[in-house]
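*Asks:* The lines below spell out each chain.
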Amino acid sequence: MNAPAAPSSPPSPYSSAIGKSNPESHTLSVLVDNEPGVLARVVGMFSGRGFNIESLTVAEVAHVTHLSRITIATSGTPEVIEQVRHQLERLVPVHSVTDLTLIGPAIERELAMVKVRGKGENRVETLRLAEAFKAKVIDATIESFVFEITGAPRKIDDFVELMRPIGLVEVSRTGIAAISRGPEPI
Amino acid sequence: MSRQMTGAEMVVEALKDQGVDVVFGYPGGAVLPIYDAIFHQNQLRHILVRHEQGAAHAAEGYARSSGKVGVLLVTSGPGATNAITGLTDALLDSIPIVCITGQVPTHLIGSDAFQECDTTGITRNCTKHNYLVRRVEDLPRILHEAFYVAAAGRPGPVVVDIPKDIQFATALYTHIKNIQHKTYRPQLKGDLAKIRQAVEMMAKARRPLFYTGGGVINSGPAASSLLREIVGLTGFPITSTLMGLGAYPAKDKQWLNMLGMHGSFEANSAMHDCDLMICVGARFDDRITGRLDAFSPHSKKIHIDIDPSSINKNVKVDLGIIGDCAHVLEDMVRLWRTSGAKADTAAIAKWWSQIDHWRAKNSFAFRNSAKIIKPQHAIRRLYELTRDRDVYITTEVGQHQMWAAQHFQFEEPNRWMTSGGLGTMGYGLPAAIGVQMAHPKSLVIDIAGEASILMNMQEMSTALQYRLPVKIFIINNQYMGMVRQWQELLHGGRYSESYTASLPDFVKLAEAYGALGLRCADPADLDSTIKEMIDSPLAAIVDCVVDQTENCFPMIPSGKAHNEMILADLSDDAGIEVGNVIDEKGKMLV
Chain D
1 MNAPAAPSSP
11 PSPYSSAIGK
21 SNPESHTLSV
31 LVDNEPGVLA
41 RVVGMFSGRG
51 FNIESLTVAE
61 VAHVTHLSRI
71 TIATSGTPEV
81 IEQVRHQLER
91 LVPVHSVTDL
101 TLIGPAIERE
111 LAMVKVRGKG
121 ENRVETLRLA
131 EAFKAKVIDA
141 TIESFVFEIT
151 GAPRKIDDFV
161 ELMRPIGLVE
171 VSRTGIAAIS
181 RGPEPI
Chain W
1 MSRQMTGAEM
11 VVEALKDQGV
21 DVVFGYPGGA
31 VLPIYDAIFH
41 QNQLRHILVR
51 HEQGAAHAAE
61 GYARSSGKVG
71 VLLVTSGPGA
81 TNAITGLTDA
91 LLDSIPIVCI
101 TGQVPTHLIG
111 SDAFQECDTT
121 GITRNCTKHN
131 YLVRRVEDLP
141 RILHEAFYVA
151 AAGRPGPVVV
161 DIPKDIQFAT
171 ALYTHIKNIQ
181 HKTYRPQLKG
191 DLAKIRQAVE
201 MMAKARRPLF
211 YTGGGVINSG
221 PAASSLLREI
231 VGLTGFPITS
241 TLMGLGAYPA
251 KDKQWLNMLG
261 MHGSFEANSA
271 MHDCDLMICV
281 GARFDDRITG
291 RLDAFSPHSK
301 KIHIDIDPSS
311 INKNVKVDLG
321 IIGDCAHVLE
331 DMVRLWRTSG
341 AKADTAAIAK
351 WWSQIDHWRA
361 KNSFAFRNSA
371 KIIKPQHAIR
381 RLYELTRDRD
391 VYITTEVGQH
401 QMWAAQHFQF
411 EEPNRWMTSG
421 GLGTMGYGLP
431 AAIGVQMAHP
441 KSLVIDIAGE
451 ASILMNMQEM
461 STALQYRLPV
471 KIFIINNQYM
481 GMVRQWQELL
491 HGGRYSESYT
501 ASLPDFVKLA
511 EAYGALGLRC
521 ADPADLDSTI
531 KEMIDSPLAA
541 IVDCVVDQTE
551 NCFPMIPSGK
561 AHNEMILADL
571 SDDAGIEVGN
581 VIDEKGKMLV
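These protein sequence lines map, in sequence, to chains D and W. The first sequence begins at 1 in the working numbering and counts up one residue at a time. The second sequence begins at 1 in the working numbering and counts up one residue at a time.
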């Protein structure tokens, strides 16, 4: 889900005095009307303005009101992140944009399905590791497993790295879904 | 009022309900039902353009000169793609227009049908919003919403794409007044605490400056009059962007002329040296700021804008106030009066004496000639000979545009229509047609270049069809003048493809369209030619043959700061040495 990163042009005299600070990763929650083309608007805004998308997930969360929630992980200097937020807010079908990283520690979860091939001793080792990571076996053959693992993206990264030398075949990840802690909605 | 009608009839009905009196358009297969509905009524006037780009610019000209939403109607496929330049132009200059496009019938969408294009896909990034109508029941709401979205907040273009089967289908039409949009509700009132803080900053300022833009014009006449009030109350100097000309009267002594790349020495110097910048409805565009890391280094900056994304986008400001210019200025005027705030008169007087010193450079001056018409002189004469009239000016894009901005003086808003953000050559003539439709009795002049005018010359035919007496005043130097100037400054005077050989005979061309054609090459004939143009009841083209080598100064070279302007050196007849003023970094810029 990576949009083209900002072109790495040589420093220009017009390059903004803004944005000299260090890049940070932020997770934004965007509530939108689930109308045709709304995702294209969001994604097009990112690519058109040279912003980065590290992960993007979207699904309708209120069927009656046709409200969808888009969770976008992006990176940039705090000034760029502020621009991203305002540019998202300008899109007509957008109800609200919340920077979950700014409002406090949010819960981030991702689901991955990980296919691993192996025989003999490797299979035992694979299952042991999977148990440690609370990954479920959702498909098995005599020479392979598919694991379902849920967690913060970093945990999935770690699991995938452990599977690599054992016989990692492929990974399918959902991208991040995120929600703020506590009783309040965003 | 509610009644059953076809989708095509709904379009006409909704336009009438929105108070639209004129539509610029071009028929085609996918909009025939709407054209049939137009045929059956007399209230809505349709102006047949000669190219859809012309329809879009005409709608822009209409909108900018009247403050109303401009409307164009085009067919699917090429009709829609031809309108793209005009839509993008309206997006960059924040002009409210609604573009209705025909689309192939719903069941053919996606089949690469004849004259099909993905209109909403193509226009997504060049409109403020767009709609593809999938059910005729949604059409009334979408049409009224389109007008609301186009005009509310920061204005912009909106596309409504209507498949042909939807135009034939019937449903209940209801006029929806006062749209309550689900999501789009721009904030009009500024935060009072912040406005109070702004007033405090203004009272403390020693070298303050108002820097205003097109947002003041878009906000309506009240914003311009409130701007005049606050500038008068404070005694601060004021400059404006290209887009904002006319919001403050050019004849006033507090007016420093336009700022930016071809702005005045006093305006740019004041921008650089000020200690408080009050930006009202402008967006710190690169034509304005020049080199960003050297932009107004010693100032506190206040930014009033209706679009939150404009604040802190290019330049970090100290106080951002989100709101409509008129609303915020109204509160600012009131708070300035009631708080008993007083400007630091001693410091301001000193600031003015510094400004007068810059003004004495007379940076728009040029060396006139008795032998050859200088383009600046031509525009000054045009101004002098029309200043007592009810005049609207449009321009094309290039040197003539900058000279018009420098030498034509605007006293009122909505009188100056130019393509600022996108820089669209070919804008001026169709825009003038739109202006003339909004102001049938006024004098409408397109100050043009000979290259730009050829980009939409076909619209002369439109002007003649509707007896619109638009005047096209061509500053003819046979070059794409701004391209030639940059080639002189950046590329060693290698004038690659910027000279137009085989230009048409503009007098004969005018006559071919049925318009008045005049030529003027001798400074002695200039006034009489301009008068003849003004006095003619016809559309007219004046081919004003000017000095080919004239450059547009003053200029902030690319990548330089406000205090590094180059001025025309009037002591040197051979022109000035400008070959080395732009460094390698600057050459990469536009």
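If you're looking for bench data, these hints aren't it; they were derived computationally from the structure. Keep in mind the model is a prediction, meaning the values are calculated, not measured. Mixed in with the good hints, there may be bad ones.
[What the hints assert, rightly or not] Keeping only pairs whose Cα atoms sit at most 16 angstroms apart, straight-line, the calculated EDC-like set for lysine to aspartate or glutamate is:
(1) D:Lys-155 - D:Glu-108
(2) W:Lys-531 - W:Asp-318
(3) D:Lys-115 - D:Asp-139
(4) W:Lys-182 - D:Asp-139
(5) W:Lys-182 - D:Glu-89
(6) W:Lys-350 - W:Asp-286
(7) W:Lys-316 - W:Asp-286
(8) W:Lys-300 - W:Asp-318
(9) W:Lys-68 - W:Asp-21
(10) W:Lys-182 - D:Glu-35
(11) W:Lys-316 - D:Glu-79
*Asks:* The structure should be examined with respect to each hint, and the outcome stated for every one.
*Replies:* Structure-based check of each hint:
Restraint check: the Cα-Cα separation between D:Lys-155 and D:Glu-108 comes to about 11 angstroms, which is no more than 16 angstroms; the hinted pair holds. For the proposed pair W:Lys-531 and W:Asp-318, the alpha carbon gap of about 50 angstroms is over 16 angstroms, so the pair is violated. This hinted pair checks out: D:Lys-115 and D:Asp-139 have alpha carbons roughly 9 angstroms apart, not beyond 16 angstroms. Between the alpha carbons of W:Lys-182 and D:Asp-139 the distance comes to roughly 45 angstroms, so the proposed pair goes past 16 angstroms and is violated.
Proposed proximity of W:Lys-182 and D:Glu-89 is supported: the alpha carbons are some 13 angstroms apart, at most 16 angstroms. Proximity of W:Lys-350 to W:Asp-286 is assessed by CA-CA distance (about 30 angstroms); at most 16 angstroms being required, the pair is judged violated. A C-alpha spacing of about 14 angstroms is found between W:Lys-316 and W:Asp-286, which places the hinted pair at or below 16 angstroms, so the restraint holds. Taking the CA atoms of W:Lys-300 and W:Asp-318, the gap is near 6 angstroms; set against the 16 angstroms cutoff, the hint holds.
At most 16 angstroms may separate the alpha-carbon atoms for a hinted pair to count; W:Lys-68 and W:Asp-21 meet this at roughly 10 angstroms. Taken as a hint, the W:Lys-182 and D:Glu-35 pair is honoured in the structure, with Cα atoms around 13 angstroms apart against an allowance of 16 angstroms. About 9 angstroms separates the Cα atoms of W:Lys-316 and D:Glu-79, which keeps this hinted pair within 16 angstroms; it holds.
The structure fails hints 2, 4, 6 (numbered hints given earlier, in ascending order).
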